Amino acid sequence: MRAEKHTAILTVATVREGREGAEILFNERQQIYSLAASVRSPETVFGSLKERVKAKHPIKVTLDEKKKPVVVGIEEPEAHEIEEFLRNRILVEKPAKPVQIEASEIDPTAFNIVDFKLKWPVFTLCKKTIPSYTKAKEIFNYCAAQSCNLPGPYDISPCIPFQYVRDGCYARAHKMRHIITNKYGYCCEKVFSFANDNSDRLAVKADKWGGCCVTWWYHVAPLVRVKVKILSFSFELAMIIDPGMFDKPVLLSTWLQAQENKTCNPNAHVSMYSIQPGSAYSPANYAGTAFATDPSYVSTDATLTAYKNLTTCP
Amino acid sequence: MAQDSNYSRVMTVANLREYRGDKAHEVVFLESAQFYHVGKDNPALDSIMAILRAALAAGSPVEVILPSMSSNLIDDVKPAPH
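Residue numbers (this note's numbering), protein chains in the order written: chain B, 1 to 314; chain Z, 1 to 82.
Don't read these hints as lab results, they were simulated from the structure. Keep in mind that this is a model prediction, so the values were computed, not measured. Misleading hints may appear alongside valid ones.
[Said to hold, decoys possible] When the alpha-carbon atoms are kept at most 30 Å apart in a straight line, the in silico BS3-like pairs for lysine-lysine are as follows:
id : chain 1 : residue 1 : chain 2 : residue 2
1  : B       : K262      : B       : K117
2  : B       : K137      : B       : K68
3  : Z       : K78       : B       : K262
4  : B       : K205      : Z       : K23
5  : B       : K127      : B       : K97
6  : B       : K248      : B       : K208
7  : B       : K60       : Z       : K78
8  : B       : K308      : Z       : K78
9  : B       : K262      : Z       : K40
10 : B       : K205      : Z       : K40
[As the list claims (entries may be wrong)] In silico negatives: residues of chain Z with every beta carbon more than 12 Å from chain B:
id : residue
11 : A33
12 : D41
13 : M49
14 : G59
15 : S68
16 : D76
[What the hints assert, rightly or not] Sample of chain B residues facing chain Z (criterion: CB under 10 Å; computed from the structure):
id : residue
17 : E84
18 : K127
19 : P131
20 : C169
21 : W216
22 : V220
23 : Y286
24 : S296
25 : Y297
26 : V298
27 : S299
28 : T311
Positions of the beta carbon are idealized from the N, C-alpha and C atoms, including for glycine.
Work out the full structure, taking the sequences as your base and the hints as a guide.
Right, here's the structure in full:
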C-alpha cells in the first residue's frame, strides 16, 4: 500500500485544464492528478510543466494519493535519480541474435543485398524502403546539416553532435531514426557492431574531425534499405547513415570494415553485429543480446545536449 | 554543456578487461560506447577494481568520477547512491 505522500520521478504526458483546475497526466501513471493549491505559483508551475512535456524531461514530484490523486510538490530531480529513471527502460522484445563476422572477408558484391545474403527478421516489419540512392543522400545531407559544429540554425532540437564521435552514437542514431521515420516516412532499422570478444575493440580514424583514433566496444547507426533498379532487375542494398564517420550513405560492409582500422589499434576487430528494430537504443548487456529503448527520446536529447560542444580530437 | 571538472556519471558495468604490467585496466559500461581506463598509477586502484568487479557480478550501477565529461580516464568509482 502506498504511503500517504511519496515522491516519484515521472515524465509529464500532458497538462490540461480540467473542470476543477489543472490536471496532470504522467506517462508512468494511469491516474489523473490535480495540482495542489499549496504548490507555489501554479500558473508558473503550469507553464513549466508544459515545457517539461515538450522537452520530455523527467521531474520529481511529491504525490498525495490518500483521497484523490494530487501533486503536492514539484522539484528538479538529481542527476543520479535521472540516471536510475533512464536505466529502468523497456527492452526490445525478442531482439535478433548477433552474428559473428570477419569484416575483412566480406564479399561486398553480395553481403549488402537485402534478402539475398542479408536476411534479418526485422526487415519484414516495414516495407516503405528508400526508393533511390539520391533520396538516401538527401536524407544523409539533411541529418548532417543538423550537426552541432555547424553554425545553424537547425531544423531540429537539440542539434546532433556529429563532431564528437568518442561517445553518444546511440543518441545520434536515435535522433536520425526519428528524422528518417517521422520527417521522411521511411523504414529505419539500427545496426549494432560489437567488439565484445577477447581484447577486440572497434577502432576508427576520425578523419572528419582531426584524424585521431577512436575506440569503442560497440557502435550503432541507422540502417536504411535503398532500392536499386537496373533495367527490369531490382533489389535493395543495406546502407548506413553515419555523418560522424562518412560524407555520404555507405554500404553496410563499408561501415563495418571502417571499424577495423589496425593502424589505430592492432586489436581492431568487429566481433559480431546485428540488425535490430529502429526502437533499439543501446545494448542492455555485453553479449549484445538485449537492447534498451528510449521511446520518448528523453535519454537521446539529454545526451545530445550534453555533448553538443565537445570535440573528438585534441 | 562545458567540459566540467570532477564530472560523475552513474553507469552499469558491462565488462572488465584486466591486464598485467603497466597497461591500464579497461572498463566498458552499457550506457557508453567508449572504453574507460583505470590507470595502474591510480592510488585507489585496488578499491576501484573491487567495486567494479562486485558491480559487474551484481549488475548494479556505479558512480564513475572522471576529470571531465569528455575524459575516459577513471579517477574514482563509488557504488551508486540509492
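Practice problem: Any hints from earlier that this structure breaks? Give me their numbers in increasing order, please. | Solution: 2, 3, 11, 14, 15, 18, 19, 24, 25 and 26
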